[in-house]
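*Asks:* What follows is the residue order along each chain.
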Amino acid sequence: MMVASLQVIVDGLSIGSTYALLALGLSLVFSVMGFVNFAYGSLIVWAGYAIAVTDSVGAPYALTILVMVVFTVVLSIAMGRFAFRPFITAPPATLLLTSFGVALALQAVAIFVFGEAPRHVPTPPVLIESVSVGGVRISLLQILALGLSVIVLVALNLLIQRTTFGIEIRAAAEDSKAAQLMGVRPPKVLLVVFAISGVVAAVVAFVWFARIGTVDPRADLTPTLKAFIAVVLGGLGTIRGPVIGGLLLGLFESVLASFLTTNLLAFQSAFAFGLVILVLILRPQGVAGRVVELAK
Amino acid sequence: MFRNILAAFTAIGLATLGAGQASAQSFDCAGGAITIGMAKAQTGGFAFFDNVDARGALIAIEQINEKGGIGGCPIKVIRGDTQSDPAKARQVAEELIAQGAQLLIVPADFDIGVGASQAAQAAGILSFSCAASSTAWTQAVGPHHFTAAITIEDSGKAQAVFANQKGWKRMYVVVNAAFNFFTALEKTFRDNFAGEIVATDTVANDATDYSANVSKIRRLGDKVDAVYLNDYFPHVGTFIRQLRAAGVNLPILGNSTFSSKALPKVVGAKALSNVYYIAQGFYEGRNLDPAVADLVKRYEKKYGTFPENLNVLPGYQGMLLLADALRKAGSVDAAKISAALSSQTNVALPGSTLYRWKNRHPVRSATVIGFDAKGEFVKVQSVDPR
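So the sequences go chain by chain: A and B. Letter 22 of the first sequence, counting from 1, is numbered 22 in this note's numbering, and no numbers are missing. To convert a position in the second sequence, counted from 1, into this note's numbering, add 1000.
If you are wondering where the hints come from, they were derived from the structure by calculation, not from laboratory data. Heads up, some of the hints might be wrong.
To be verified - With the Cβ distance kept under 10 Å, some of the chain A side facing chain B (calculated, not the full set):
#1 Ile15
#2 Val113
#3 Glu116
#4 Arg119
#5 Ser130
#6 Arg162
#7 Ser254
#8 Ala266
Stated by the list, open to error - When the alpha-carbon atoms are kept at most 25 Å apart in a straight line, the in silico SDA-like pairs for lysine to any residue are as follows:
#9 B:Lys1216 with A:Leu104
#10 B:Lys1088 with A:Leu104
#11 A:Lys177 with A:Ala195
#12 A:Lys188 with A:Gly237
#13 B:Lys1261 with A:Gly237
Since this is a predicted model, take the numbers as computed values, not measurements. Glycine included, each C-beta is placed from N, C-alpha and C at the ideal position.
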């Protein structure tokens, strides 16, 4: 029973760390622009295609990952520059609709270019093969996912809290006009935030596709929804909020999948959204978030 | 011995189709062509399945026209895009009928296509779904609608027949409950499986991690003989990969939606050892039925890719059955085509056998597909689900 419980925790933390990374990428853009970027999942999907295409020409795995990171960051910057920067002063609803438009456009292009069929995304077997530690099964990928989320969390925290640029991001997020008067250029801040968000998306994509092994053009909804749930659970406005939300969601899913009866297992997603509603009622700012003022 | 029997049976079946052609009265080709309306999803979420089904049917039509059509009457196809939208299906069907469609080929899914078949029924023309497997559809529409793919019930029975033959006594069931196809399939399997269902696990349709499910199977150890994995690719690729990575090498039995050329790449050849699935026919590997090999070759030449999914076979086979019925009927009259279809028995099709029709859905053979040591698709055996 002890081993079984530990296994549930390891499995939950492993998938939860991926959700945490997803939520961090989403939360970063929210902190500056004040909207949830529903095109975030499209970045992940295109990152998957970048790996698949690079692999198809015979490139070694390390090179496919390098190409994927560069491509994802460039795509994220392009998304920020051409789709969102023109609306930098628009209300959040406009930006939200824009993000839906970008997601649909990127999906349509993916269908046109790659077709509907899922494509193989390579993974070195060593990443997914698991070893038993005291009866608890764990893979290198699970350890990597946890490690990468810690690294990204610490790096982002240092960036936001300890650097001049971090201060600029916080200033732009707090009051864009006042920040401008202090010499901060919100459009530049926006693009750098999208670049960082792209880096986080690339890290997520590495873990995500190593786990599932395929990409298809309609696979953007799941990562976006998971990130959204994690962000709402953990709370916006802090770095730790999305991380806590992601880990909680992962643990919650793992516990449900392990202990729910067969009849109830089909309703796992409903339980996850039920938890979100409960958190919103009891603690609207999320488990670890702070109250965010959207009206500008 | 088995090959000889099969060859003889095939000869009888082809002779039956040929006899239909020979004995057919001259076709009433009033408009200069038989106009088939193809109301199928060319865009949207279901297009991945419907386009391949349509392409299979179009290749059959191309072959029929190359040989002079049906009783000298060529087939003309007019197409409409239902956009994977159930509400649009009826509208598109009505537009095609208004444009002169004399019979309709409708989507491969009950929910998405029922509106189109109802429009055809209302207009007094025949509708035909080459790749649908729901037995409820024909009952929901009326006497002029046929579905031609192996039914869910027969697929489930075929799975159980194979599992029983393998001697598996204790099965761990994993099911994606988001789709009726999987729950109905599992029910039939469960009803016909001679052994014990040790446990049933439900996986979410948006799941990307199966660690918890894998842990449960692992904990049961040697209390399980095989895993009944009732989900679709790409999910099953991820599941098998995670299961094998956890050191669980139990046999896995799946369904026709496992069919994807990407599966061996995702899972790896070694991990595919002891993985089987039941399908309507075999088109993915080598040593194919010559007619199926020709279909694949034509598909690749015409569309520049290997058939993307399993629907290519039912699309092709369905059109051959429909063409045979048109020959026998001698016209596009819905009642005559319905009667001609219903009279078809023991028809050897490329890659499959139609035994008979029952309430306007087919009773047909199933094929068990597995993998060799290199991860290549291989035909394991045929199964008669009756």
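*Asks:* Confirm or reject each hint.
*Replies:* Hint by hint, here is what the structure shows:
Proximity of isoleucine 15 of chain A to chain B holds as hinted, the smallest CB-CB distance being about 4 Å (cut-off 10 Å). With 10 Å as the threshold, the beta carbon of valine 113 of chain A stays out of range of chain B, its nearest partner Cβ sitting at about 13 Å, so the hint is violated. Restraint check, glutamate 116 of chain A versus chain B: the minimum CB separation of about 4 Å is within 10 Å; hint holds. Given the 10 Å rule on beta carbons, the hint for arginine 119 of chain A holds: about 6 Å separates it from the nearest Cβ of chain B.
With a cut of 10 Å, the hint placing serine 130 of chain A at the interface with chain B holds, because the nearest CB-to-CB distance is about 5 Å. Annotation: interface hint on arginine 162 of chain A violated; nearest CB of chain B at approximately 34 Å, more than 10 Å. For serine 254 of chain A, the suggested interface contact is upheld, since its CB lies about 5 Å from the closest CB of chain B, less than 10 Å. Of the supplied interface hints, the one on alanine 266 of chain A holds, with its beta-carbon coming within about 4 Å of a beta-carbon of chain B, less than 10 Å.
About 38 Å separates the Cα atoms of lysine 1216 of chain B and leucine 104 of chain A, which puts this hinted pair outside 25 Å; it is violated. Proposed proximity of lysine 1088 of chain B and leucine 104 of chain A is supported: the alpha carbons are some 20 Å apart, at most 25 Å. Only pairs whose Cα atoms come within 25 Å are accepted, and lysine 177 of chain A paired with alanine 195 of chain A is accepted, the gap being roughly 22 Å. Distance hint between lysine 188 of chain A and glycine 237 of chain A is fulfilled; the C-alpha atoms sit about 20 Å from each other, no more than 25 Å.
With a CA separation close to 45 Å, the supplied pair lysine 1261 of chain B and glycine 237 of chain A exceeds the 25 Å bound.
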